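Given the coordinates of chain A, assemble chain B onto it according to the supplied hints.
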Amino acid sequence: MSVDQATVQRIARLARIAVTDEEVPHLQGELNAMLSFVEQLNSVNVEGVEPMTSVTPMAMKKRVDEVTDGNIAEIVTGNAPQTEDHYFLVPKVIE
Amino acid sequence: MTDLTSLTLAEARDALKAKKISALELTDAHLNAMEKAKALNAYVLDTPKHARAMAKASDTKLQKGEAGLLEGIPLGIKDLYATKGVRTTACSKILLNFVPEYESTVTSKLWRDGAVMLGKLNNDEFAMGSSNESSAFGPSVSPILPPNVSAAQAKAKLGNGNKGLLVPGGSSGGSAAAIAARLCLGATATDTGGSIRQPAAFTGTVGMKPTYGRCSRWGIVAFASSLDQAGPIAKTVRDTAIMLRSMAGHDPKDTTSVDRAVPDYEAAIGKSIKGMKIGIPKEYRVDGMSQEIDALWSKGAEWLKQAGAEIVEISLPHTHYALPAYYIVAPAEASSNLARYDGVRYGVRVPGKDIIDLYEKTRANGFGVEVRRRIMIGTYVLSAGYYDAYYVRAQKIRTLIKQDFEKAYDSGVDAVLTPATPSPAFGIGEKSGADPVEMYLNDIFTVTVNMAGLPGLAVPAGVSKEGLPLGLQLIGRPFDEEILFSLGEVIEQAAGRTKLPDAWWA
Numbered sequence: 001m002s003v004d005q006a007t008v009q010r011i012a013r014l015a016r017i018a019v020t021d022e023e024v025p026h027l028q029g030e031l032n033a034m035l036s037f038v039e040q041l042n043s044v045n046v047e048g049v050e051p052m053t054s055v056t057p058m059a060m061k062k063r064v065d066e067v068t069d070g071n072i073a074e075i076v077t078g079n080a081p082q083t084e085d086h087y088f089l090v091p092k093v094i095e
Numbered sequence: 001m002t003d004l005t006s007l008t009l010a011e012a013r014d015a016l017k018a019k020k021i022s023a024l025e026l027t028d029a030h031l032n033a034m035e036k037a038k039a040l041n042a043y044v045l046d047t048p049k050h051a052r053a054m055a056k057a058s059d060t061k062l063q064k065g066e067a068g069l070l071e072g073i074p075l076g077i078k079d080l081y082a083t084k085g086v087r088t089t090a091c092s093k094i095l096l097n098f099v100p101e102y103e104s105t106v107t108s109k110l111w112r113d114g115a116v117m118l119g120k121l122n123n124d125e126f127a128m129g130s131s132n133e134s135s136a137f138g139p140s141v142s143p144i145l146p147p148n149v150s151a152a153q154a155k156a157k158l159g160n161g162n163k164g165l166l167v168p169g170g171s172s173g174g175s176a177a178a179i180a181a182r183l184c185l186g187a188t189a190t191d192t193g194g195s196i197r198q199p200a201a202f203t204g205t206v207g208m209k210p211t212y213g214r215c216s217r218w219g220i221v222a223f224a225s226s227l228d229q230a231g232p233i234a235k236t237v238r239d240t241a242i243m244l245r246s247m248a249g250h251d252p253k254d255t256t257s258v259d260r261a262v263p264d265y266e267a268a269i270g271k272s273i274k275g276m277k278i279g280i281p282k283e284y285r286v287d288g289m290s291q292e293i294d295a296l297w298s299k300g301a302e303w304l305k306q307a308g309a310e311i312v313e314i315s316l317p318h319t320h321y322a323l324p325a326y327y328i329v330a331p332a333e334a335s336s337n338l339a340r341y342d343g344v345r346y347g348v349r350v351p352g353k354d355i356i357d358l359y360e361k362t363r364a365n366g367f368g369v370e371v372r373r374r375i376m377i378g379t380y381v382l383s384a385g386y387y388d389a390y391y392v393r394a395q396k397i398r399t400l401i402k403q404d405f406e407k408a409y410d411s412g413v414d415a416v417l418t419p420a421t422p423s424p425a426f427g428i429g430e431k432s433g434a435d436p437v438e439m440y441l442n443d444i445f446t447v448t449v450n451m452a453g454l455p456g457l458a459v460p461a462g463v464s465k466e467g468l469p470l471g472l473q474l475i476g477r478p479f480d481e482e483i484l485f486s487l488g489e490v491i492e493q494a495a496g497r498t499k500l501p502d503a504w505w506a
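Protein chains in written order, with the numbering used here: chain A, 1 to 95; chain B, 1 to 506.
Keep in mind that a hint or two might mislead.
[What the hints assert, rightly or not] Subject to a maximum C-alpha distance of 35 angstroms in a straight line, what follows is the list of computed DSBU-like cross-link-like pairs (lysine-lysine): (1) B:LYS64 to B:LYS93; (2) A:LYS62 to B:LYS407; (3) B:LYS361 to A:LYS92; (4) B:LYS36 to B:LYS157; (5) B:LYS396 to A:LYS61; (6) A:LYS92 to B:LYS353; (7) B:LYS253 to B:LYS274; (8) B:LYS36 to A:LYS92; (9) B:LYS36 to B:LYS19; (10) B:LYS361 to A:LYS62; (11) B:LYS402 to A:LYS62.
Just so you know, these hints were derived from the structure itself, not from any lab. A quick note: this is a predicted structure, and the numbers were derived from the prediction, not measured.
This is chain A alone, in the form it adopts within the complex:
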């Protein structure tokens, strides 16, 4: 399988990465190189094989469903590029 230029732009949009028109052909080449590399997987018979979900089979530990921390808004927002009164600031989303 290989991707065309429109698909490259669609993937970039889904991945939320801005791509200029000049970058598209180059990216297309690289993505197709990778896709052709993984093509060989089609020759493996995977009939009846379970897809792996956990590489180390184990029962997941659970903890009591309770609040374990809080009142640390200062810390939570401490690394944000823009904040106000412990809110994260972004451009207006809803008109």
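Below, chain B without anything else, positioned relative to chain A:
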């Protein structure tokens, strides 16, 4: 007085306990060496004040006889580990200003045991790479001299484009370079497809990737969560065993970490390997494998045999498919993990006309070429209509890869011996061509181990005809790191410990 930076971790620990040296002088010796080695770019952040304060505290504890397992031992920390109050970037532009408010579980265990932090080590951006060249801070340079290059010639090239010098491997390139250049006694690293073992092999150092679940991943910047595992790089097998004992253990904050007692790994060093069955997988004899790698592999098997092990040929039929399956699973998980870098909650923001524009510009500007490429591949293979064809198929192949190993272990094999890399270290800039797959092939022998969640140890075993370090890899049963340390020690003893390079860079 002997140079304190040439001690092994174990030697330094014993000297500290015997009060022959102080933690502060040991730390100062390393800080001085780091100062003279800036151009190697192994560290992306030095923390001398931090280090000296920790060393002084260790000296007090040593005086009182309250020393921890790593009391006073100076370590370098891969910049993927969150360190409270100390900038942590994953060597990405998008996190250049990030100062964590918390400490990763693994590093907090190291500090609990008395270790000293010298600084943060260089790596490929978000651990994506095999040469350390994708770092936002520029590549870390291998302290190993390239063939036919004199010390003076190398020094002239250093920091001057670095052309003709060698990569230390990746992604834990800074960790491996710092150990080989004697800029710390032990280094933390992480391994998703070979990122501990390949740089160890390239630099003549020892690298241990533990079983998935052995170390907590909490507080380590995530790349591919089902494959990532923390581990040490150090000068000797014994040193990695000492470090792993501190790093391993259950953590309620990581549900994939295993609640299982941590053994005294160092006790496995020197144990007899008599009667152990070592598998040699025929599928690792890949097309175009160089004569010298093949010879090294046979020599390794011979050493183990002489120490009483039995060598048997085994078959791991799906080996060939591990790398392509990895290049679906790892980017898929990365695209999901890296969705968090949006320029809103932390990291560097590029303003946009609306929120989508802000996301897209922030991510286009903040991520480097390799990271963008992998996010895009991951996004594609997870997108509607392709999920079953790519991702589910790759996860099925992963099951088959794991079953290959299980069959071998069920037949009585105790561990598997393979080469660590298909070649010795290459030059900086040599593999940054148009085809990304060329670089990926570096991980051909290591990636199966991550896919199956097994422990793997890379140990120096000799040099190439040009004199560059070459490593062998030992693969064990899940949670049987101890056997790898016992076997690794045999190889290390037989091969003779690698002579670390003279400080041509200083």
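Going down the list of hints, with the structure as the test:
1. B:LYS64 to B:LYS93: 44 angstroms, violated
2. A:LYS62 to B:LYS407: Answer holds: LYS62 (chain A) to LYS407 (chain B) is near 32 angstroms, not above 35 angstroms.
3. B:LYS361 to A:LYS92: The given pair, whose Cα atoms are some 16 angstroms apart, holds under the 35 angstroms limit.
4. B:LYS36 to B:LYS157: Answer holds: LYS36 (chain B) to LYS157 (chain B) is near 16 angstroms, not above 35 angstroms.
5. B:LYS396 to A:LYS61: The hint holds at about 25 angstroms.
6. A:LYS92 to B:LYS353: Within the cut-off at roughly 9 angstroms; holds.
7. B:LYS253 to B:LYS274: 40 angstroms, violated
8. B:LYS36 to A:LYS92: 50 angstroms, violated
9. B:LYS36 to B:LYS19: 27 angstroms, holds
10. B:LYS361 to A:LYS62: 39 angstroms, violated
11. B:LYS402 to A:LYS62: Holds, at roughly 27 angstroms.
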